[in-house]
Amino acid sequence: MTVTFLILAALTLAGTVAAMAMRNLIHCVLALTLGFAGLAALYLLLGAQFVGFTQILVYVGAVAILAVFVIMMTQSAIPAMQSIFSSFWVAGSVVAAAVFAVLAWAICRSGFASQVLPPVEAAVHPIGDALMHGYVLPLEIMGLLLTAAMIGAVVLAMHEKRRTP
Amino acid sequence: MFGEGILKGLAETARNFLGSYVSKKRLTTVQYPEQRLPQIEAYRNFPFLVYDGDDWQQGLRCVSCFICEKECPPKCIIIEKSTDKKPDAVGKLQFYPKVFNIDVSVCMSCQICVEVCPFDAIKMDTDFELSSTDRFSGLLWDKKHLAKSNEHYHKIHPTEAAAVDAQLAAERAKIAAKTKATAEAKPATPTPPANANGAGPNAANQPVPTATEK
Amino acid sequence: MTMSPIQQADQFFVTSQHRFVSYLPAEFQSLTSAILSVIAIVLVFALLFAITTVLERKGLGRIQNRYGPNRVGPAGFFQPLADGVKSLTKEDLVPRTADQMVHFLAPVLLVTAAFLAYAVLPVGRNMVLVNLNAGILYFFAVGSLVELAVFMAGWSSRNKYSLLGGMRAIAQMISYEVPLVLASVVVIMAAGSLSTVSIVDMQASYTGIWPHWFVFTPWGFAGFILFMIAATAESNRSPFDLPEGESEIIAGYYIEYSGFKFALFFLGEYLGMFATSGLAITLFLGGWAAPFSFLTWIPSYLWFFAKLLLLIVIFIWIRGTLPRLRMDQLMSFAWQFMLPMTLFNLFVAGVWHFMPSGIVRWLVCIALLVAPAILLSRSLKQGKKFAVRHYRFAE
Amino acid sequence: MSTATEPVRILPQSPANSGSDSGEGQLLEVSMGPQHPSTHGVFRMDVVLDGERVVRLKPVFGYLHRNHEKIAEHETYLGSMPYTDRLDYICSLTNNWAYALAVEKLAGIQVPERAEYIRIITAEMTRFLNHAALIGFLTQDMGASGTPLMYAFRERETILDLFESLTGARMMCNYMRFGGCRVDLPAGWLDQAKKFAATLPRFLEEFERLLATNEILMARTQGVGVLSKEFAVNAGVTGPVLRASGVNYDVRKVDKYGIYDRFAFKVPLGEHGDTYDRYMIRLLEMRESLKILNQALRDIPEGPIVDPKTKIRGFKPKPGEAYGRIEAPKGELGFYLISDGTANPYRYRVRSSCMMNLTVLEDLCIGHNVADVVVILGSIDIVMGEVDR
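Chains as they are written, first to last, in my numbering: chain A, 1 to 165; chain B, 1 to 214; chain C, 1 to 395; chain D, 1 to 389.
If you are wondering where the hints come from, they were derived from the structure by calculation, not from laboratory data.
Warning: the hint list may mix true and false statements.
Below, computed lysine-lysine pairings styled on BS3-like, alpha-carbon distance capped at 30 angstroms [unchecked claim]:
#1 K25/B x K311/D
#2 K155/B x K75/B
#3 K311/D x K24/B
#4 K92/B x K25/B
#5 K311/D x K143/B
#6 K25/B x K195/D
#7 K25/B x K8/B
#8 K58/C x K25/B
#9 K195/D x K8/B
#10 K194/D x K75/B
#11 K58/C x K24/B
#12 K194/D x K70/B
#13 K24/B x K98/B
#14 K25/B x K81/B
#15 K174/B x K195/D
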């Protein structure tokens, strides 16, 4: 178990580090995908099937694809040769540090589970119950947010279309 | 409405699928090396030179008149005239081709040489399995390669060959009558009977033996 | 525990695997059993791929009034061997400007992802590699890896056609994944489980001689049709074979692959087709269950493969008939017809669940499905005014 | 779609304004052909794409240029006949006819009646097989995996068998001669042809059932590549492409060359001028061809097949010029000849229907998808042998 965990953790870290270090943006996204997949494997290792597979489905199947699509749409497919350090690196590192601090705070506050919980079955009913009872407000807020984003995208696309007849 | 045309098309392909198992008309493919279609009489492929009798050099009808060489649209015929003469199909003394080459990589099987030939010497063959591993000399056919017997011609184009034979026979008869008439008029003409007896150019034309030796 | 001969035949592979594994020391048993199953899956589906290529070529040939391959082996059935030898001995060409690493990884990822999907497909009673609780989710998750592989192939080849093909493939796969998932959600709703095994178990019972397959309900039938359309698009089969679009973009994303890598793409594509067909069978056609109660004596795995072959035949038949859609039509079909229809189908499945059983339930559900289908297809056509035309003649 | 009704050519853009500044994203220049599966031969299109939309399209041809016209000026009149087979190599007999017609006009040769009938029979068979094959190719371009093409080829095979038993060759027939035809119909040929013509309506019905009402085909072709009436006339488009745009112009009706005035047939006309119309017009023309074919097979008289006065060797028409044109399956095919009294024409010019029709390709394609380009090209029906000459 520990060996598996170590391998997966190394893979995840390698993927994410490569995503930061590589020059070619498409390579970055592909490396990031590896990181996502490693993360999903870690979830599975913990017995969280639903989260693990959703991670793959959403992050590998949708987010990564969306990212490469956006890169292909906005940039040329030829690898960019400019420096990987953006001119906003100060601001970037501040934001990164802030995100890290918040996450670390949240993780530390939650306290590590001392006893091993029995693995939860990825059955439909408990998930549905949880989403529709316990977390109905977050779910609705997320839905609203996504709908707003979608409408925004549609409006933007329509605007674009009208501008270039 | 939606999907109706697609369903119609699906029904049609299903009918053809099943039909290909029952109807010979649907499955028209011929399994070539094992199965062969009957030869079509009119079919033409590449020209050949007709000869009468058994000796291809002797009986070649070609008189090396250069008409086909001139008329050939892609200019794939190469003829060199002989210096001596031999009797042609109707018994007249004529030149014969020393060299008669057809470059079949250039030939486009148009049959114009056949149409323009006044001596019925060149005809179209029907052989189509002609692959060669040598694209230069393997595709330049010489006189020997081109010469095919009149029987072969009868085999591949029976009606056409019969008509040609009849015409030639008529001409031969006409010429025979004419020579007879002239022979009666002028008894001292030595050459025609000697040649007509079939001693051949070798015997008859001593001065240029090289022409036919090879 | 004694089994009748019928059960023995049905469980032949399961019991022989158990017997083989039981000879091994205990710590290797589970690992060996897993490896054996994986080998079996790889072999069986690779063989099915080989058979399908012949069947497809012969079937298409017959549809087109030709013989199809009939030279290699008896009736041409060794053709895949010849093809395999050919693809193995061919030179592996990689474009000079290609992204070598990604170019190499793409077919590997594609085939791996395609094979991974079989882990949760129950091909027979007790014959599934892993019975995951989130089996269907797993299936779609690994299915999404295919998109990535296709993108990698299209992008790394540095070819304009392959780039176009890759873009088309991704757009198409993402668009049709939504209706694919939504069409299968109705089954998850009805079965109350994400596990493929329990979904099949639910369908493997009979009323009289009639099975309880989900396809024999209005929502199940609609769901099956929608699922199959989406599956056709997901596996890039005609009439949705735009990413390859032979006549337009030549071979699309795998234009720059040759030799064995090309064969891998071919393999991956067919494996994807089998996998989605297998999922359709699992979800709607009762998996390995026999179609009538009096046919249950036939081993369950044979039923699964018979159904799979049936779906493959339908795929071939459709391929032999239909022309290809265009990109924008494909997209509008996905978003303007498939997506709303799957959502309606979800609603209908809910209605079915809450209504008392009887003829009224049937009528209501059918009406609720047919009406939007007609309306949507009409709206799909209306913008373009497609019609059969009548022509005038001049004397 | 507005480009076709209002044919305005997009000016060549400079690199500066073809970039990503206009909000159109990057333009992608793709060279489709000469080795592309659906360019119908060695034809190249320089396509500039915005996404998948065609912004510019430049047809490039000449890959199959064989110097046909110049060669003909050095050939005898008869010697050019086999070369005309190779223009539109699917329809060699109509090419023969057009050339023979031009020479006959030039030299004032009369054609015997039987020969005229044979010419019409072979020409209408050629039209039938061309249209059938074209619809096959067109649907192939739409991705129909060859099924309609194979059905078309199944029938084409029978027609080619008939051609072979008549002319000796399946495709390069070289059959027409000045003042008639080369050989007479072999025994039993007419019966065979009649039997075959009787099976054709069934084939046509099958063909129509297979695709004519197919929703995907309609979606792919209706409203795609609209060629307006005025533009078609201005561009010199002829043949089914012109008639699909609604212009009633058929050389068979206009010139009544040969003996076409004796036959009852109609000319189908389209209204929209889109790809679907071009497709349907061909289907309907096949039916009309069949009508002519049946009438000709019924009425063919006995008699000589070639004007006995025309010489095979040493044919030298009087100085002058002539333009002979026919309604070839692909459009108006004309041969323009100037004779200076020698055995070779002084000038020999082919008015190629394919090439004239191809000139509208860019205007039809702009604004459509890549997938539409191949379909539009397929519906124009080109054969590179005739375009490049």
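Against the structure, the hints:
1. K25/B x K311/D: Given pair K25/B, K311/D is violated - Cα atoms ~44 angstroms apart, limit 30 angstroms.
2. K155/B x K75/B: 28 angstroms, holds
3. K311/D x K24/B: 46 angstroms, violated
4. K92/B x K25/B: 54 angstroms, violated
5. K311/D x K143/B: Holds, at roughly 29 angstroms.
6. K25/B x K195/D: 13 angstroms, holds
7. K25/B x K8/B: 22 angstroms, holds
8. K58/C x K25/B: Measuring from Cα to Cα gives roughly 18 angstroms; hence the hint holds.
9. K195/D x K8/B: Holds. K195/D to K8/B sits at ~28 angstroms (cutoff 30 angstroms).
10. K194/D x K75/B: 39 angstroms, violated
11. K58/C x K24/B: 17 angstroms, holds
12. K194/D x K70/B: 40 angstroms, violated
13. K24/B x K98/B: Given that 30 angstroms is the threshold and the Cα spacing comes to 52 angstroms, the pair is violated.
14. K25/B x K81/B: Distance ~53 angstroms between K25/B and K81/B Cα, so the pair is violated.
15. K174/B x K195/D: This hinted pair is violated, its Cα atoms lying about 45 angstroms apart.
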